[in-house]
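Since the structure of chain A is already known, use the hints to place chains B and C on it.
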Amino acid sequence: MLTQKPGVPVSFDKVQKSFGPVRVLEELNLQVEPGEFLVLLGASGSGKTTALRILSGLETATEGRVRIGDRDVTDVLPKYRDISMVFQSYALYPHKTVGENIGFPLKVRKVNPVEREVAVREAAAQVQLDQLLHRYPRELSGGQKQRVALARAIIRRPSVFLMDEPLSNLDAKLRGHMRAELKHMQHALGITTIYVTHDQVEAMTLAHRVAILEKGVLQQLDAPAKIYNDPANLFVAQFIGSPPMNIVKGALVGSNFLVQDTKIAVPMKGKVEKAVLGVRPEDCSITTAAKGALKGTVYTTELIGDHTLVTMKISSDFLTVKAAKDYTARSGEVVGVSFAKGQLFVFNSTDGKRIR
Amino acid sequence: MSHSSDINQPGETPAGLSARQSWAEWIDRHSRTFFIAPAVSLILIFAIFPTFYSIVFALSRVKFTATGLRFRFVWFDNFISEFTGAEQGHFLGRLEGLSVLGWLFAVVVFAAVLWWLYRSAKNGSTWVGMIGRLISASMALFVTYLLASTLFSGNQWGTLLTTLFYVVVGCSLQFIIGTALAFLCSQPIFGKSFFRVLFFIPLMITPLGVGYAFKMVLDITKGPFQPLWDWIGWQNWAWSTDAWAARFFVILGDSWQWIPFIFIIMLAALENVPRDHVEAAQVDGASSIQIFREITWPQIVPVAVTVILIRMIEAFKIVDLPNIMTSGGPGIATESMTLHSYFLWRANDMGSSAAVAYLLLILSVIVCSSFFNYVVLGQLRKAHR
Amino acid sequence: MSDTSYKFQKANRGLMERLFEPPQVGKMSPVAKFFAYAVLIFWSLFVIFPIYWVVITAFKDAAAVNQGPYYIPFIDFQPNLDAWRVLQAADPFCDGYAIMRQLGLLVHNTFAFLLSPLMHVEPMEPQICKIYLAFTNSLVIGVASTLLCVTLGSLAAYALARIEYKPKFGNIIIFVILTLMMILATSFVGLKWYVTASVALALFFLMARALGNKFKATLGNGDILFWIISQRILPPIVVIIPVYMMFQAVSLLDTHLGLIIIYAVANLPIVVWLMHDFFAGLPIELEESAQLDGATRFGIFWDIVLPLTRPGLAATTLLTLILNWNEYLFAVFLTTSKAMTMPILVSAKNAGEKGVLWWEMCALIVVMIIPVIVAAIVLQRFIAKGVLLGAVKG
Numbered sequence: 000m001l002t003q004k005p006g007v008p009v010s011f012d013k014v015q016k017s018f019g020p021v022r023v024l025e026e027l028n029l030q031v032e033p034g035e036f037l038v039l040l041g042a043s044g045s046g047k048t049t050a051l052r053i054l055s056g057l058e059t060a061t062e063g064r065v066r067i068g069d070r071d072v073t074d075v076l077p078k079y080r081d082i083s084m085v086f087q088s089y090a091l092y093p094h095k096t097v098g099e100n101i102g103f104p105l106k107v108r109k110v111n112p113v114e115r116e117v118a119v120r121e122a123a124a125q126v127q128l129d130q131l132l133h134r135y136p137r138e139l140s141g142g143q144k145q146r147v148a149l150a151r152a153i154i155r156r157p158s159v160f161l162m163d164e165p166l167s168n169l170d171a172k173l174r175g176h177m178r179a180e181l182k183h184m185q186h187a188l189g190i191t192t193i194y195v196t197h198d199q200v201e202a203m204t205l206a207h208r209v210a211i212l213e214k215g216v217l218q219q220l221d222a223p224a225k226i227y228n229d230p231a232n233l234f235v236a237q238f239i240g241s242p243p244m245n246i247v248k249g250a251l252v253g254s255n256f257l258v259q260d261t262k263i264a265v266p267m268k269g270k271v272e273k274a275v276l277g278v279r280p281e282d283c284s285i286t287t288a289a290k291g292a293l294k295g296t297v298y299t300t301e302l303i304g305d306h307t308l309v310t311m312k313i314s315s316d317f318l319t320v321k322a323a324k325d326y327t328a329r330s331g332e333v334v335g336v337s338f339a340k341g342q343l344f345v346f347n348s349t350d351g352k353r354i355r
Numbered sequence: 000m001s002h003s004s005d006i007n008q009p010g011e012t013p014a015g016l017s018a019r020q021s022w023a024e025w026i027d028r029h030s031r032t033f034f035i036a037p038a039v040s041l042i043l044i045f046a047i048f049p050t051f052y053s054i055v056f057a058l059s060r061v062k063f064t065a066t067g068l069r070f071r072f073v074w075f076d077n078f079i080s081e082f083t084g085a086e087q088g089h090f091l092g093r094l095e096g097l098s099v100l101g102w103l104f105a106v107v108v109f110a111a112v113l114w115w116l117y118r119s120a121k122n123g124s125t126w127v128g129m130i131g132r133l134i135s136a137s138m139a140l141f142v143t144y145l146l147a148s149t150l151f152s153g154n155q156w157g158t159l160l161t162t163l164f165y166v167v168v169g170c171s172l173q174f175i176i177g178t179a180l181a182f183l184c185s186q187p188i189f190g191k192s193f194f195r196v197l198f199f200i201p202l203m204i205t206p207l208g209v210g211y212a213f214k215m216v217l218d219i220t221k222g223p224f225q226p227l228w229d230w231i232g233w234q235n236w237a238w239s240t241d242a243w244a245a246r247f248f249v250i251l252g253d254s255w256q257w258i259p260f261i262f263i264i265m266l267a268a269l270e271n272v273p274r275d276h277v278e279a280a281q282v283d284g285a286s287s288i289q290i291f292r293e294i295t296w297p298q299i300v301p302v303a304v305t306v307i308l309i310r311m312i313e314a315f316k317i318v319d320l321p322n323i324m325t326s327g328g329p330g331i332a333t334e335s336m337t338l339h340s341y342f343l344w345r346a347n348d349m350g351s352s353a354a355v356a357y358l359l360l361i362l363s364v365i366v367c368s369s370f371f372n373y374v375v376l377g378q379l380r381k382a383h384r
Numbered sequence: 000m001s002d003t004s005y006k007f008q009k010a011n012r013g014l015m016e017r018l019f020e021p022p023q024v025g026k027m028s029p030v031a032k033f034f035a036y037a038v039l040i041f042w043s044l045f046v047i048f049p050i051y052w053v054v055i056t057a058f059k060d061a062a063a064v065n066q067g068p069y070y071i072p073f074i075d076f077q078p079n080l081d082a083w084r085v086l087q088a089a090d091p092f093c094d095g096y097a098i099m100r101q102l103g104l105l106v107h108n109t110f111a112f113l114l115s116p117l118m119h120v121e122p123m124e125p126q127i128c129k130i131y132l133a134f135t136n137s138l139v140i141g142v143a144s145t146l147l148c149v150t151l152g153s154l155a156a157y158a159l160a161r162i163e164y165k166p167k168f169g170n171i172i173i174f175v176i177l178t179l180m181m182i183l184a185t186s187f188v189g190l191k192w193y194v195t196a197s198v199a200l201a202l203f204f205l206m207a208r209a210l211g212n213k214f215k216a217t218l219g220n221g222d223i224l225f226w227i228i229s230q231r232i233l234p235p236i237v238v239i240i241p242v243y244m245m246f247q248a249v250s251l252l253d254t255h256l257g258l259i260i261i262y263a264v265a266n267l268p269i270v271v272w273l274m275h276d277f278f279a280g281l282p283i284e285l286e287e288s289a290q291l292d293g294a295t296r297f298g299i300f301w302d303i304v305l306p307l308t309r310p311g312l313a314a315t316t317l318l319t320l321i322l323n324w325n326e327y328l329f330a331v332f333l334t335t336s337k338a339m340t341m342p343i344l345v346s347a348k349n350a351g352e353k354g355v356l357w358w359e360m361c362a363l364i365v366v367m368i369i370p371v372i373v374a375a376i377v378l379q380r381f382i383a384k385g386v387l388l389g390a391v392k393g
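Residue numbers (numbering that gives the first Met the number 0), protein chains in the order written: chain A, 0 to 355; chain B, 0 to 384; chain C, 0 to 393.
The shape of chain A in the complex, shown without the other chains:
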């Protein structure tokens, strides 16, 4: 049933966007490979939705060019861009049935009713909605509405899918399920997909590559594993990972990181007055006060399930350690913490740049 279509590349070439005096997108350069699943990840106001809307044609770029395939579409009307989009609110037409909603893109393109009917059934079957074609959107659950929106997007077999936080209105359990379906469908159809989200789990699980945006600037564009293991700067390091990466303030002197008078050996060299040491909670382990690289007092312990999160206080910084699930400690107990070799990152705290 699922027919593959050769994917189409998408590129942003020095795209800028300002609303009046406010610059929301700084010179964005981005090449999306044919058939790729690219996630734009960022907090609200990071410019990710603006980038998507510029690609869709709902917003026009202040500067720069946008290309879909071999076409420059910067000034092309949305309807000639051969894209389809899934909105956060699903944007289902409340006065049309599920079938009419799914068939709408074909109806406005004057496809004849017989062909349309066939296409609607096919698209509905792909998202398991065949039984609900005569219902109205208000009679559907959140997950079903989501599927209708997907079916309406795939019915035209566009060159590019755009998705604007499509899963954020679902509850947590359904979200996990829909994520898997989405990934499967995109893979089966092979259509280039640009997906906007603020949820790092979605980004890590769905994407071939993730583009992290902050304040209109592209911070890093890489595969999920690379982003997690090799963050380009302090922002990316702290944005990705849950619980987030631990940060300890200090200074880099030679190949030692100085926290007050304690020295920690790090695998890089340099001299930076104001630096931060970054280490992920799972790369820390708790030892006795004497053995640890740093020592501090236990602030709280939280049993999560398969592990226990221990929050320690080291002078004014907090540090979270992922410990075994049977670990127990009293609040206020003095313990040490040691770090896994090679998993320490150092960043310049003035500009956030990674020191390698």
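Hint data in this document are derived by calculation from the structure and do not stem from the laboratory.
Straight-line Cα separation of at most 25 Å, PhoX-like style, residue types lysine-lysine; simulated pairs:
id, chain 1, residue 1, chain 2, residue 2
1, B, Lys214, C, Lys348
2, B, Lys191, C, Lys26
3, A, Lys248, A, Lys273
4, A, Lys262, A, Lys340
5, B, Lys191, C, Lys384
6, B, Lys62, C, Lys191
Below, chains B and C without anything else, positioned relative to chain A:
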């Protein structure tokens, strides 16, 4: 099912579309014009153009001739005659001899207006704002002068003050009664939906019908209250010959028609106040009047002032009721400015008729925009803060 | 100390507490309830009485009206259909075929109007029953004008809610100056209006083209919206004399079309104001999604936007219809016989030789207000649901 392959040029009609499709495409491209042009041109031709055209009438002596109209330009003669000339008594009232009471009233209001101007100048306002305030203030002072030398000096007033009387007294009365009824209907009472339907109906009845109905009901000799008039001993008195009684009954008819408007919108606003605010206050032990004053009223003030503004705008146009109930009489006691202009038109004095109509426009714009700027905007800003 | 707690117990309250305090939260105290019902019932009587009086007067004869007040039909006086019969009998054309002839006239004159650009068909003169004429006129003019007004008003309101307009300030100034020059040339120089109008229009487009790019100051959608709504403040009496002259020049006086146009213009501000609020309240994603799917602007408006604002559209239409049905001032200026509406016919009864023919007039008023009361009950539901509240909230 791909539709992209046949589209090459950005922004242009794709090749290969049939003539009909490209026609539809052309309409779509110019849709921004097609959407708004019909409405705007209708207004330009039948509202804006006549408004300008009216200036020519107001500044001319107009004569009917065999070939059509003949205009003779007379500058502001028509306006001057309304203010200082032969028509002064009709338009402004008889302005002779200021009584002590008139003096007193004038002095008090003058002082108040000057104080208000001084305050707003001190608090710093823009040039445009200050000019607006000056216009409002001079309008207020002019009306004060008219009131002092007519009402407070025992002289008859003219159509300008009659119109303002309908607007100010009518609107206040209608607002108070309408809101009170809406408050009652928002309480837990039996038969709510019956009352709200019934109270709404007068608004929809043609003003003409309202006028005749009230004329009939208030008839001294044949009306339903004839026994009552008899009992009071008024069988030889007719309200239509007493200026204040006639004005009162015109306002009564007007209120019968317009209270429903205030009522229905205030009721909708009252019921839009979040239930939990009211319930929280009930749990705290507030009485329903306290709840209204402390919780409900502050939330419906923006609607209230807007409703008053709308009512005011419409009230300036009052014509049907006084025309039917009293024909503007006794004398000119109930004649509104629209009626004044209509009578002048019937007497073939088109220049003066247009001048009075223009003065009505100016009056209503100044009063309504003053109300909008000093009251409505302030309340809306407070509500959105 | 126990005294205070006893005071708040429901069972032990004194008479005054029982009268003035509500029995439970959310209820009214007996005294408050009494006053509330007293006021509501008084007001109901005040509202009903004039209507009641009109209705019973319509079933009285001259004697029953003139001999003094009679209040209750069948007890005080014997109701009869004299007034209704006189309305028919006084008019030689109000026979059994009057309705058929009226319909024939309507169809004939519609064709005459539609064919007027192609050929001349003499419109049929209204040698016809006045009541039916006035009633059909009111109906046709009211409905046609409402359709025109709601269509154009909704289009404009939608455009103002969704499309960005930037009219140049300078072009508006040019327009005003040219309009004034056109009026002066027509009134004082004596040129024909169509000559001056076409010259002014041509000059406007030329100048807007030539100078348009030089102007920097622009207005926005909010300004256009305010401009349209503010037309409501314009008293009809200001425009009525020029409109009379304009209609005379293009022979629209005493025609259906003339009244249809002028009523539509008079109500446009209300329609735009109410509809703008409904359109602005729709979620924009629906329209964006349709736009991406390839729908045209008109397609979106027709297929997505209008169905979603159906309650608002219905309420606005009904309101406009009622306003048109009741309108008097424009009708009295712009019609004489052929296009006369119900209010004109009613007021004609005021000027009889034998004084006011109250019973006949009341019969006509009853005919006028019955449809309106039905409409009012429907409209009241929309308002009760808060359909029209949004616009007032500002």
